[in-house]
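**Q** Read top to bottom, the protein sequences are chains V and X. Counting from 1 along the first sequence, just add 1283 to a position and that's the residue number in the numbering used here. Counting from 1 along the second sequence, just add 225 to a position and that's the residue number in the numbering used here.
Don't read these hints as lab results, they were simulated from the structure. For clarity, every value in this text was computed on a predicted model and none was experimentally measured. Heads up, some of the hints might be wrong.
Facing chain X, according to a computed beta carbon distance under 8 Å, are these residues of chain V, among others [unchecked claim]:
#: 1; residue: W1292
#: 2; residue: V1305
#: 3; residue: L1309
#: 4; residue: A1351
#: 5; residue: G1361
#: 6; residue: I1373
#: 7; residue: L1404
#: 8; residue: F1421
#: 9; residue: P1465
For each residue, glycine too, the CB sits at the ideal point set by N, CA and C.
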Amino acid sequence: MIDLLTKPWPWHIAGPLIGLMVPALLLVGNKQFGISSTLRHVCAACIPNKADYFKYDWKSKLWSLVLALGVIVGGWIGTQALSNGENIIISTSTVSDLQELGINDFSSMLPTEIFNWENVLSTSGFLVLVLGGFLVGFGTRYANGCTSGHAIMGLSLLNIGSLAAVIGFFIGGLLMTHVILPLII
Amino acid sequence: MKHIKFLFIGILFGIILVKSEVISWFRIQEMFRFQAFHMYGVIGTAVMVGALSIFLIKKLNLKSLDGSIINPKPKPFNKIGNVAGGILFGLGWALTGACPGPLYALVGSGYSTIFVALGSAILGALVYGILKNKLPH
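Chain V with its partners taken away, still in its complex shape (with noise of 0.2 Å):
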């Protein structure tokens, strides 16, 4: 039981776990599923500005970040206590393609090469980190929603404009994996 606990879920186990957020959220609290909104939260209550954007009651959406906390809190979980710390598997042909950009260590969830302290100044731990985490959160702003509240919530409630926005997510990354990425790492 412990052994099928820490090794890695397969998609068909945790697929479907995923997918029972959307109801577990609406039954316990009537509450749509989505993360990237948190971002706004916090700006709201803690950055002081004048955008109308940010004047709302953010304190009535403190579910959504306490459920944020709790994904933090389940990170630890889930690497502290549920793993059998061995290197992660992923396809030989992504292995060699990544190792020609010069990328060698797969033992963690990220290659260390660019996810380390002293690479955060270079040009492309900045541009991964920096420039990537900016792009997240003003495009999951400007597309009002991300993976969870458009590809899962919105895509389960058939919403036309969510499907348009997943496709926006693929054209954007398909972009940076093939054509950008390969140029600043």
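We have chain V already, so just place chain X on it with the hints.
**A** Just chain X, lined up with the frame of chain V:
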């Protein structure tokens, strides 16, 4: 305290994100290179279960714990905003290897440099909020 139930749901979500390796930069690269089914399987089955759940909730007229009627509203379709914002987010997703949920789960997992990405994401949301009225939607 009334929000503690959301803490538990978040904890479960965080554990699933870690255990399914959805938080891995490598898995996102694999997805955008079409070299494994994993991420498509995760997102695809999540949507199927989500859609089936909503169908059943409506069919059975299930109510929320507080007794309110469950009637989730689809987000409005902003043609330019959804697509342009989506593309910008996609660029960032493939760079950082993380969407917002995994950003939080990675911070909890102890990947300290992700604080930089999360801080930048909050800054990105702030800049969007300031520029919102000047952007086409």
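**Q** Any of the earlier hints contradicted here, and which numbers?
**A** 7, 9
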